[in-house]
Amino acid sequence: MACIIATMYLTKEQEEMLEGEHGEIISKMTRLLVRLGDIYNAEKMIPVASVQVAGVSYKSIGEPGLEFLQDIAKEARVRVLTFLNPAGMDLEKWKEMGIDENFAKKQLAIIEAFRKMGIIISATCTPYLAGNLPHYKQHIAWSESSAVSFANSVIGARTNREGGPSALAAAITGFTPYYGLHLDENRQPDYIIEVKTQLKYNSDFAALGYYVGKKIKNKIPFFKGIKEADTDQLKALGAAMAASGAVALYHVDGITPEADKISISGLEKIEFGEEELKETYDALNSGEEPDIVIFGCPHASISEIFKIAKILEGRKAKKPFWIVTARATKEMARKIGLEEAIEKAGGKIYADTCMVVSPIENLFKTTGVNSAKAAHYLPGFCKQKVVFNNMEALLK
Amino acid sequence: MKARTIYPGNVKGVAIVSHEPIGFYGGIDMKTGVVIEKGHPLEGRSIKGKILVFPYGKGSTVGSYVIYGLKKNGVAPLAIINKETETIVATGVILAAIPCVDGVDIEKIKDGSIVEIKAGEKEAEVKIE
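Keeping their order, the protein sequence lines are chains A and B. Note that the numbering used here has the first sequence beginning at 1, numbered continuously upward. Note that the numbering used here has the second sequence beginning at 397, numbered continuously upward.
Bound-form chain A, shown alone:
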């Protein structure tokens, strides 16, 4: 039962931070990272270029989270570029969304604590679409599983799946323990996924991701047979895998940057054909008729909003529909006339939040989505029945 600890190497600065020479909070945060690093046998700490902090919605972190963040904000400031995950409501139009006063008060207090720490109130799960875009092989410390997946896989940056506090600790100290996906040797695939059906809609990519995440849990897949995929589709694929499993990195033959730098010989194969696609759609559907349709999990890109506006051109939706997105994207949509087009068609664009972290259970019973991640979380977090389908079908 004896346990030897491989305590990591620390620089002089890091040792001083640990020993409290930079204040109590920095000491605590450094201790957190060193201990987590020890648990995972990290040899040292490395500087990070940026951080994405999750655990923002009052609905998810509640009173414990609020109190903790307010304590931290009294003393600590972030040392690197730090972006924030979505909140539980549109920070401007929360009344219109039907959010109650008390929830809004608590949510705004959480945002205020983050602002005080020097964090950019991006309130989005797609920081890479909103101004925090890492480069290939850059070390970052991100939480938000879908953003972690995108940064690792599509961009080839290096991050583990951080939790809210460990990401915050990285932001405040500027460091993260060097283990896991920061090391090249841990980025090799474990499975080959042979895609034998043509993926047409974003929701098809989401279904594929959902199926694979369930099968392979926290392993790394290598996809073969995907001929084309745009950024929105890769975003949907990764988000689904990170929700049904804990996939933090995937490779797509001919598409993602590390796919031609790794060995895939001798790996176990999993097939995904027409049958598996249909089976996954069936599994994700629990409702009949949606009360509302919500797009934007992960947050909608400007191209997705453009596509929705096109589909709805000259039509008026019979049911309410929302698009949730980053404030930066919403502002662009407004400037170029897309928001007006969406509103004309009967829709709303909300920023800073999403259907999973806002209390929509008070407003609706059945939600239509084209996101497998949303379809996965809505029944549990928001007591929703779900209609999962492609964008075109949901807008009919």
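No lab work stands behind these hints, which were simulated from the structure alone. Yeah, the Cβ is synthetic: ideal placement off N, Cα and C, and Gly gets one too. Be aware that one or more of the hints could be misleading.
Claimed, not checked - Listed next, the in silico DSS-like pairs over lysine-lysine satisfying Cα-Cα at most 30 Å (straight line):
1) A:K224 / B:K468
2) B:K434 / A:K28
3) B:K444 / A:K365
4) B:K506 / B:K444
5) B:K479 / A:K219
6) A:K28 / B:K514
Claimed, not checked - Residues from chain B that face chain A, not an exhaustive set, calculated with beta carbons under 10 Å:
7) I432
8) V462
9) I463
10) Y464
With the hints as your guide, set chain B onto chain A.
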């Protein structure tokens, strides 16, 4: 028994033992320190001021904040002993400064027994009286 330190400290107290994992978020009331998870072996019992013994944490990562909140509200356990501390509990005890050790054969600790923990920066010792 030798153990690994997750958070250091020397304490002595009464053990409260669960052989089931504990999910702090939704599992323990942050105001009172009482276990509220339905059907949990410790349901209805308070962990305040006790040496809380369980295999490992489970559930939401918000559990880390709950551990912090328990300490702030004065209802935290005196210390935690785990079979294997995972990141939710590790994060929580470090933020809350609650002594915690792991790598312990928790089967050997009986509910209600007096346990002494001496946890240095790296290595720790657990004594059962």
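A quick look at each hint next to the structure:
{"no.": "1", "hint": "A:K224 / B:K468", "in the structure": "violated, 52 Å"}
{"no.": "2", "hint": "B:K434 / A:K28", "in the structure": "violated, 33 Å"}
{"no.": "3", "hint": "B:K444 / A:K365", "in the structure": "violated, 40 Å"}
{"no.": "4", "hint": "B:K506 / B:K444", "in the structure": "holds, 18 Å"}
{"no.": "5", "hint": "B:K479 / A:K219", "in the structure": "holds, 25 Å"}
{"no.": "6", "hint": "A:K28 / B:K514", "in the structure": "holds, 20 Å"}
{"no.": "7", "hint": "I432", "in the structure": "violated, 14 Å"}
{"no.": "8", "hint": "V462", "in the structure": "holds, 5 Å"}
{"no.": "9", "hint": "I463", "in the structure": "holds, 9 Å"}
{"no.": "10", "hint": "Y464", "in the structure": "holds, 5 Å"}
The structure fails hints 1, 2, 3 and 7 (numbered hints given earlier, in ascending order).
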